[in-house]
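Engineer: Listed here are the chains, written in short residue letters.
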Amino acid sequence: MLGEYLNKVRKNVPLVHNITNYVTVNDVANVLLACGASPIMADEAEEVEDITSICGGLNINIGTLNKRSIQSMLLAGKKSNELHHVVLLDPVGAGASALRTNTALNLLKEIKFDVIRGNISEIKTLALGSGTTKGVDADIADVITEDNLDEAISFVKSFAKKTGAIIAITGAIDLVSDEERCFVIRNGRKEMSRITGTGCQLSGMMTAFLIANKNPLEAAVASVCMMGLAGEIAWNHMQEGDGNATYRNRIIDAIFNMDEETLNKGVKYDVR
Amino acid sequence: MLGEYLNKVRKNVPLVHNITNYVTVNDVANVLLACGASPIMADEAEEVEDITSICGGLNINIGTLNKRSIQSMLLAGKKSNELHHVVLLDPVGAGASALRTNTALNLLKEIKFDVIRGNISEIKTLALGSGTTKGVDADIADVITEDNLDEAISFVKSFAKKTGAIIAITGAIDLVSDEERCFVIRNGRKEMSRITGTGCQLSGMMTAFLIANKNPLEAAVASVCMMGLAGEIAWNHMQEGDGNATYRNRIIDAIFNMDEETLNKGVKYDVR
Amino acid sequence: MLGEYLNKVRKNVPLVHNITNYVTVNDVANVLLACGASPIMADEAEEVEDITSICGGLNINIGTLNKRSIQSMLLAGKKSNELHHVVLLDPVGAGASALRTNTALNLLKEIKFDVIRGNISEIKTLALGSGTTKGVDADIADVITEDNLDEAISFVKSFAKKTGAIIAITGAIDLVSDEERCFVIRNGRKEMSRITGTGCQLSGMMTAFLIANKNPLEAAVASVCMMGLAGEIAWNHMQEGDGNATYRNRIIDAIFNMDEETLNKGVKYDVR
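Residue numbers (my numbering), protein chains in the order written: chain A, 36 to 307; chain B, 36 to 307; chain C, 36 to 307.
A portion of the hints provided could be inaccurate.
Because identical chains cannot be distinguished in the list, a pair is counted as satisfied if it fits within a single copy or across any two copies.
Here are the simulated DSS-like pairs of lysine-lysine, each with C-alpha atoms no more than 25 Å apart in a straight line [as the list claims (entries may be wrong)]: (1) Lys144 with Lys300; (2) Lys196 with Lys300; (3) Lys114 with Lys197; (4) Lys147 with Lys196; (5) Lys43 with Lys225; (6) Lys225 with Lys46; (7) Lys114 with Lys196; (8) Lys114 with Lys192; (9) Lys300 with Lys147; (10) Lys102 with Lys113; (11) Lys249 with Lys147; (12) Lys249 with Lys102; (13) Lys147 with Lys102; (14) Lys102 with Lys114; (15) Lys46 with Lys196; (16) Lys225 with Lys102; (17) Lys225 with Lys144; (18) Lys197 with Lys225; (19) Lys196 with Lys225.
Source of the hints: derived by calculation from the structure; they are not laboratory data.
Modelling step: build the complete structure from the supplied sequences, incorporating the hints.
Structural biologist: Pasting the structure below:
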C-alpha cells in the first residue's frame, strides 16, 4: 500500500523548496533526486517568496540558522501558507540554544505547518516551550523505548492535536501521528545515527511525499518507512572496511533503487 | 586533440576562485582537484579582490546567492576583468526568481565574461531578459532536441555575438559556441541529471581549462566533453544496488583517472 | 599507546562545536561521527555562546569566513576560554588575503588556543604576521623536507613557546609540538592532498581528541597519526577506477573502523 505513495512522487516529480542547513544540504538535494523529486535551495529574503511560489512545498530546517535565514523562513512560510502549499518544520537543535528554541516556537506561531519532524528531545522542547537538548542528538533520558511507548504515543497525539500538524518523531522507534492515529514504525538501523543528516534527508523527502500525495499522514509514514528501509538495505550491502561514509552513499543509493514492491514488503509498523 | 587541453590543466595546476553555492561546493572543490586544478572558495566582500588576484580565474555561480555574496561577485568580477583573468558565469536558477534574473543580468552588464554556462532555460532567460525557469532544471518546453537543433545553434551563436562570451548550454545535447563555430556535443548520460551539481562541477572545471589553455572555445569544449565522458565511464562502472550517490562519486573518480588518450578517443562532437 | 586516546574518544563521545567553512563541513561532521565524537555546527553570533557552553570544545576554522562568522568566532572563543574548554584554530588560507591574515592574528590575540593546526605556509604567516600563501595549499618554497627538518622543528617549538599553544603543522611530514617536544610524524599519503578538506577533518577530530583526553600534546599526536594512517589504509582499499571521491569516503570509513590495536601498530613517528 505505502509503495503507491512512492510511485506518486516518481510520477509527479514534486519541486521542493528547502531552506536548510549547510552541513547536510548536498545530501538533502541528492536524496530528493533519488526519490524522484526535484530540489531547490534558496534562503535570501528577497527571493524566497518567488522561489516558494513555483514549488509544491517548503522544507524549513533550522540547523545553522542565522538572522538572515530566519527572516527568510518566515517570509517563505507565510507565502506557502497563502498558496496552501505543504510546509514542514525540522527544528534541528531546538533546546540547544535560546535562539533555536525561540525561533522554532516563533515559526510555530507564525506559520501553519503540515508536519513537524524531529527527534524526541526537539519535539519535547517545542511542546514544553523550553528544553535541554544536548546538541543535535536526542537526550538519552528522552529516548522512546518499549517501556515508555504508551506515554510517548499519548504525548505525540496530544501535541498533534495542539498544533494541528502531523508530528513525526524519529529515533530507534519512529512515531508518526495526527491526533487520532499514531503509526509506530520499526524500520531503520541504529548505525544510521553515525551518519550526519539522515534526519534532514528525511525531512526533505517527507515534504516531497506530502506534495505528491493526498493523504498527508500516510504519505509521511511512507517516507519514514522508506528512509528506515533504505538504511536496512544499505547496511546489508556493507562490506569489510566500509564505514559511515560509504553507508551514507548506500542509503541514498537504496532510495534511488527503491520500488513499490520492495517498500510494500519491507515496511514494519503498527497503528495505535 | 582535446586531450592536450587536459594535459595543460594537469601541468599548470590553475588556481580557481569560486564564489559558488553551498549545495554543491564540496563537489566543485573535489572535481577541480580531480582534473588537476586547485580550488579556493571565498565570498566575503572584504577579501574577494585579494583572493581573486592570486588566482588564474573566477567562477561565479549564483545558486544560493544572497545580498552579501552578490556584492562579492561584482567586486571579484571587476577585479578579475582588470587583471585580465578568466571569468565564468553560471546563472543557476535565472528565471526562477526576479532576484536571480536581475542579478545575472546585472553581472552581465558590469562584468566581461569569457564564458557563460547554464541550461537552456537559464540562457534563454539571460537572452530575453526574463524567464520562466521551473526551479534549477531546464523547462521541458525549452529542451534542445534533434528537431530544434538548427534553431538552437543559431540562438546560441547570436547570444555569443551579443555578449562577446563563449556560450555553453548543457543538457542532453550540449552546445558550446562563439559567434562563428558551434560545437554540438553528444557525450554524457541522462542519469547525470539525477545527481545534484554536475553543472556546477562543470563550471568549476571549465574555468580551470580556460585558465590553463590558450584557445578558450576549444578549452571549454574539452571540459564539456570530459564531464560527459566521465558520466559515461562512471555509468559503466555501476553495479547492482548502486544509485545516484555512488554515481556522483564515480563521475569525480573518472575525472581523476581521465588521461589524454581516453579523452581523445571518447569525445563525440561535430562542429556547425 | 596512542590507541588509548582513540578509546577515550569513543567512550566519552565528546561534543564538538564547529565554526567552520561550508566547503568541507559535511566531511567534518561525518569524520567526527566516525571517530566516536558528536558534531554541532553553529555560527550565528546570537547563539554561539549557548552552543559552545553545552560542548566540550570549539573548532574554529576560517575557511569561507565572513564578517558575521568572524564575530561569532570571537564570541564563542572567549566563552570557551571562560569555561576552560578546548579551543582549536585552523587558519585556512592565512596569508592568502589580508582579511584572513588579520582575522587569524586577531583571534590569536583575543583567544587562548590549546592547538593551532595548519599547513606550513599558514603557520609561518601567523608567526611572521604576514604571508604569501598561494591559496589554501602550502607554498612549495615552504614545504618541510628531510633537508630543512631541523630548522622546521626549531621554528615550531619557538612558535609553540610564543603562543603557549600546541602547534600542529601537517603536510608530507607532520610536526606536532609544544615548546619542548616535537613529534615528527610520517603517516599519511601524498594523494590525500587531492581531496578537499582532510586538514579541516583533522582539525575537527583533533578537537575531539583533546576534549576526551588529559594529555593534550599526545592527544593531538594521536589524531594526526590516525588521520594519516586512515589515509594509508584507505589507499590500500583503492581499486581500479577509483579516484579522489572514493578515496575521500574510504578515509572516513577507515576512521570509522579504526581500533586501538590498528592505531598502535600503524603509527610512525619519532620525538625530537
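Engineer: Now look at each hint and say whether the structure bears it out.
Structural biologist: Quick rundown of the hints versus the structure:
no., hint, in the structure
1, Lys144 with Lys300, "neither (39 Å within a copy, 57 Å between copies)"
2, Lys196 with Lys300, "neither (31 Å within a copy, 58 Å between copies)"
3, Lys114 with Lys197, "within (23 Å within a copy, 38 Å between copies)"
4, Lys147 with Lys196, "within (13 Å within a copy, 50 Å between copies)"
5, Lys43 with Lys225, "between (29 Å within a copy, 21 Å between copies)"
6, Lys225 with Lys46, "between (32 Å within a copy, 17 Å between copies)"
7, Lys114 with Lys196, "within (24 Å within a copy, 40 Å between copies)"
8, Lys114 with Lys192, "neither (28 Å within a copy, 40 Å between copies)"
9, Lys300 with Lys147, "neither (34 Å within a copy, 57 Å between copies)"
10, Lys102 with Lys113, "both (17 Å within a copy, 21 Å between copies)"
11, Lys249 with Lys147, "within (18 Å within a copy, 49 Å between copies)"
12, Lys249 with Lys102, "neither (35 Å within a copy, 38 Å between copies)"
13, Lys147 with Lys102, "within (21 Å within a copy, 28 Å between copies)"
14, Lys102 with Lys114, "both (19 Å within a copy, 21 Å between copies)"
15, Lys46 with Lys196, "neither (32 Å within a copy, 40 Å between copies)"
16, Lys225 with Lys102, "neither (34 Å within a copy, 39 Å between copies)"
17, Lys225 with Lys144, "neither (34 Å within a copy, 44 Å between copies)"
18, Lys197 with Lys225, "neither (30 Å within a copy, 46 Å between copies)"
19, Lys196 with Lys225, "neither (30 Å within a copy, 45 Å between copies)"
Violated hints, in rising order: 1, 2, 8, 9, 12, 15, 16, 17, 18, 19; the structure is consistent with all others.
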